[in-house]
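Engineer: These are the residues of each chain, in order.
2 protein chains.
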Amino acid sequence: MTTTTHDAHTDTPAGRAPAPRPAAGRVSPTGEALRRALDGRYHDLKQRWRDTISAADVVRDPTWDLETAREWALAQMVSLVERGHLVAGFPAALGGIGNQADSVAQFEMLALGDLSLTIKSGVQHGLFGGAINNLGTQWHHETYLPGTMDCSITGCFAMTELGHGSDVQSLETTITYLPDTDEFEVDSPTPTARKAYIGNAAKDGKWAAVFGQLLVAGENQGVHVAMVRIREEDLTPAAGVTIGDQGHKGGLLGVDNGTLAFDHVRIPRRQLLNRYGGVNDEGVYESAIASKNARFFTMLGTLVRGRICVGGGAASAARKALSIATRYATKRTQFRAPGLGEEIRLLDYQTHQRKLLPNIAKAYAYGFAMNELMDQLQRVTDAAGSDPKASRELESRAAAMKAVLTRWANDTIQVCREACGGAGYMSENGLTMLRQDADVFATFEGDNTVLLQLVAKSLLQGYKQTWGDMDLRGTAQATARMVGETVLERTTARAVIDRLVASAARRPESAQLTSRGWHVQMFEDRERHTLEGLAKRMRAAGKASTEDSFTAINACQEHMLAAARAHTDRVVLEAFIAGIEAVGDPYVKSVLIQVCDLYALTVLEENKGWLLEHERIDSTRAKAISQQVLDLSARLSHQAIPLVEGLGANEEWLNSAILR
Amino acid sequence: MTTTTHDAHTDTPAGRAPAPRPAAGRVSPTGEALRRALDGRYHDLKQRWRDTISAADVVRDPTWDLETAREWALAQMVSLVERGHLVAGFPAALGGIGNQADSVAQFEMLALGDLSLTIKSGVQHGLFGGAINNLGTQWHHETYLPGTMDCSITGCFAMTELGHGSDVQSLETTITYLPDTDEFEVDSPTPTARKAYIGNAAKDGKWAAVFGQLLVAGENQGVHVAMVRIREEDLTPAAGVTIGDQGHKGGLLGVDNGTLAFDHVRIPRRQLLNRYGGVNDEGVYESAIASKNARFFTMLGTLVRGRICVGGGAASAARKALSIATRYATKRTQFRAPGLGEEIRLLDYQTHQRKLLPNIAKAYAYGFAMNELMDQLQRVTDAAGSDPKASRELESRAAAMKAVLTRWANDTIQVCREACGGAGYMSENGLTMLRQDADVFATFEGDNTVLLQLVAKSLLQGYKQTWGDMDLRGTAQATARMVGETVLERTTARAVIDRLVASAARRPESAQLTSRGWHVQMFEDRERHTLEGLAKRMRAAGKASTEDSFTAINACQEHMLAAARAHTDRVVLEAFIAGIEAVGDPYVKSVLIQVCDLYALTVLEENKGWLLEHERIDSTRAKAISQQVLDLSARLSHQAIPLVEGLGANEEWLNSAILR
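Quick note, the sequences are listed as chains X and U, same order. No gaps in the numbering here: position 448 of the first sequence is 448 in full-length UniProt numbering, and each next residue is one more. No gaps in the numbering here: position 587 of the second sequence is 587 in full-length UniProt numbering, and each next residue is one more.
You may find that some hints are simply not true.
Repeated chains share a single entry, so a pair holds when one copy, or any two copies, can fit it.
Under the rule of at most 20 angstroms between Cα atoms (straight-line distance), these lysine to aspartate or glutamate pairs were calculated in the EDC-like manner [said to hold, decoys possible]: (1) Lys623 to Glu606; (2) Lys331 to Glu172; (3) Lys331 to Glu342; (4) Lys331 to Asp447; (5) Lys203 to Glu232; (6) Lys623 to Glu605; (7) Lys331 to Asp167; (8) Lys203 to Glu428; (9) Lys46 to Asp180.
Just so you know, these hints were derived from the structure itself, not from any lab. If you're wondering where the values come from, they're calculated on a predicted model, not measured in any experiment.
Using the sequences and the hints, build the whole thing.
Structural biologist: Have a look at this one:
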């Protein structure tokens, strides 16, 4: 095995003239081309970010205490905004770009720098600004958005309560209409109604978009959102608002999470964000959406971007960790080759290749899938509600990607930390803070276990219903009425994939391990079978009596997760295939084809038990898959540096002492 | 499904008179009995610890900065020593107990409190004190041990260097004998020779046990250890010693890790720890062990306790996390039961049971296996080198358990963090600091990937050779001479297990999923087959030329890990079986039998791919195993509180705001 890393662009026999090796911080030609491919249609935006954002802008010192980290995050956010960043998602008329997909791409780039800063701006511009933008009407936009963009109006997204996190429909906060004064009264009637884990609340927020049950003339119209002042301009708490500081957390020290409680706080009627429902001049509730449930989920649906950002941000953190650990593994040696005496590079060990390369392959796969998801977000936004099925599909996809990407990111950052040994544990090397900051991505914007169940639910319903239109018992009963077999809809690159599958079907006897058509078949098979099995179980559960209903549906939970994961894997593979199709450069394409092989085989290996259990593969093939994962990891390890360059982080952002 | 937790001791129909429910902080009768069973022969020691150690002794505030955490850890260590704790491992003549197993048990208990404090004392008493105790002779014991015990002589274990962590034999530090002055000169000849990640170095240590190549009359006698003064009594660095502070880490803030470099530092000859080799009055090197390699590994072998402690300490951290998350899951509700309206406890959800109960089962399995390992440590210590095979088996077992337990601990603490949602991320709830502190357990005292390879190597050699006697190429070549099939030696409870296996073999057609004999067969089969497969590969690799040797052996790495894991799983199962045998109380026994079922089936499920691939089970059985894991998790969830009480942490040590 050779121990030199070589950039294939410089030594491909058929290739171009040898390029000089890039100087420190410079990117190799292959790395550059991979970057362009993975950035896709967001390349210009992302490259602009790489060209203009320095380490000083986005690198946080991991040793800072809570107070310093908080001050830094606020100051950096303001500074980036002043230079025109972070506001892509706002209307062009106000100085933004009005493009949702671009705002996600910006979030991904910021997350390659620092996650505290990313979440600080995510709360301010994404969640708080997004609530106003999506749930408010013209007056709200004019009144609040300019200040939200430039951070003079700092705000919180006050949804979660101590008693209810995942179950938003059960929030206890009330927003009661008072006809006498034409006001609303915002109140936290119980200790568990206190808003909790709210970013921007502990220190900086002046306003909050408060989620609560809207009560008008004694009737509960479901959860709505009102703009409530929580601090005066001098930052003292507003009257009736009790603010708590949740202090030290497992990470994200730059984000000031806190609690908010409201004691009969009165606000003018127009402060209710009333795009989907509000109280008219006659003091009567009115909404274009009759069903409370549908209204609630339509409102939540407009906030889907936050969930997409969290998945993408977590993936960025994993990309950064992979960039650090892989670069280190090409430099660090340990133990001598038996009989030879030279010390071996970490990356030349099989176990080390097995840790890093399959995860680099996943980073590419998830990157292409994020691009698809961002495109989808923009299409749905542009359609402005005219395609409800597309909206529901987007929500389901966002939940699926968020759950899968955050899980993978946490696991991968940990692998990278350990792959750097003791050095990986020293804060100055950049991995431990990344791990600590990314941790909570598994929880916020929806607990992963809950999200995967929502995905399974919408798959069972074929996106026919919004999540809220049916509880699980309703879903089970509706499933009982569903007929026959599941037809999976390809999510992208339909023609290409049809062709691949057809070609694999024509020559099943010769099906190679690296046949993309065969991969797609296996991924689809697993999804279809898991989903059909779930539907069968849910049908049975739907027949249970009310008393036994919980137990019956509860017994399907693990199957729901399995179906959601199988679905997500398939969607990601399709996105990878589509991403490769769009690449022009034949050499880069050939590298990405191998990376996609490694992704597909890694997922198949992870699901080897299922594939054998359901007789999709035999023992010989199962063993061959594992061997192929090792072989591909070894082969691609020679391209490790260009591959991590392609993940898109400027080297200086890595902020890792071991790489200096 | 019932939503009340009940202690079966109070409601077993056949059972005793109902006991009153224990008051806060009190333990239920079943919990108490499980504790006794899991503590095993260490019960008295552990119960004494629970009776005397308060939260104030061992609970650290997670918000403290580096300086405060370091000061606290030192002060608490001294305070515990003053009260007679932490010194069990030292000779009875000096005020210890002289019992190695007891010192591990003490380490496990301390780790239920705080890991910084545990590692601080682990460095001072375990590593530094252990080096003097095991590698020194009478003068060293008399001179250094009393002060080491009472912490007036604070010390470092200066083994790892920047350039060499896992590869201790390649250390660059030199200890050169100077005949003219009858001294040694300790030197760091290169930047990579700098000692790194050394606990007690950055702030508190006055002495260091320094590992370096011993050079006498121009000949390198291999790595030896010398006592070197690194700070004066006023804590200024000693002449010739450069000390660096490695500052902030991913966790363990209470431990002051630093670097040490030596510039031709001279020490009197007697400061070499010379039990296994040193320079005599004639200035000539002498050792009872002729082979340098054997000498080195004999010396390292005496330090095996540290590795055992790390595995046990990590498991304690996981026990604590499981105690927090499980207790929370019995209190916290979320979402309503469809059709009914009452909110459901987290622990009543299938997905939540699946997260916690199999890990509780593993906590018991690993606890019983730790007890066996501690017994084994004591036997080997008592044998004082008279049974070399037993020593090598102990070293292999220690490495195996360290790698498997630390991996499991990190994964499990993370599962527990996420199982508590946003609350799990708040430092005040105790989980994030636990996760951060336990992280590095995967790395220190031996990188897990390296350790598992050592385990595989000694399995291949049947404990016939010390690790150091052969490099991997030598192992491969020796394997080539090995004949025939592997006979696994049962590690404990041989008669019982023989009987179980024989009974399962007589009735294979009726083999139930919960047949312990069948479990043992499956675990043994997996180990034997994996090991034989590895031997075959290694035999082939042993025939490669010198040039191809690395590549050939490298291709066996993943198989080495698989064999080591299979072996460890089997050893753990056997220890669990032996542990249950020793329990008298029939009710507690019946609970533990179910817990052992869940452990065995969880491991079988994790290895479902392998079992199917090698036709040990068919599809029907594979599915039945998964279902049984869910069913057992649900059944045992009704005993969740007594089960976590049995894990042995005083409730007040949990230091978790969500439980108050």
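Engineer: Confirm or reject each hint.
Structural biologist: Now the hints, each set against the structure:
1. Lys623 to Glu606: both (12 angstroms within a copy, 17 angstroms between copies)
2. Lys331 to Glu172: For Lys331 and Glu172, the Cα distance is within 20 angstroms only across copies (19 angstroms; inside one copy 56 angstroms).
3. Lys331 to Glu342: Cα proximity of Lys331 and Glu342: one copy only (14 angstroms, versus 58 angstroms across).
4. Lys331 to Asp447: between (38 angstroms within a copy, 18 angstroms between copies)
5. Lys203 to Glu232: within (12 angstroms within a copy, 46 angstroms between copies)
6. Lys623 to Glu605: both (9 angstroms within a copy, 18 angstroms between copies)
7. Lys331 to Asp167: between (48 angstroms within a copy, 16 angstroms between copies)
8. Lys203 to Glu428: So Lys203 and Glu428 pass the 20 angstroms test across copies only (19 angstroms; inside, 27 angstroms).
9. Lys46 to Asp180: Result: close neither inside a copy nor across copies, 53 angstroms intra and 67 angstroms inter.
When each numbered hint is compared with the structure, a violation occurs for hint 9 only.
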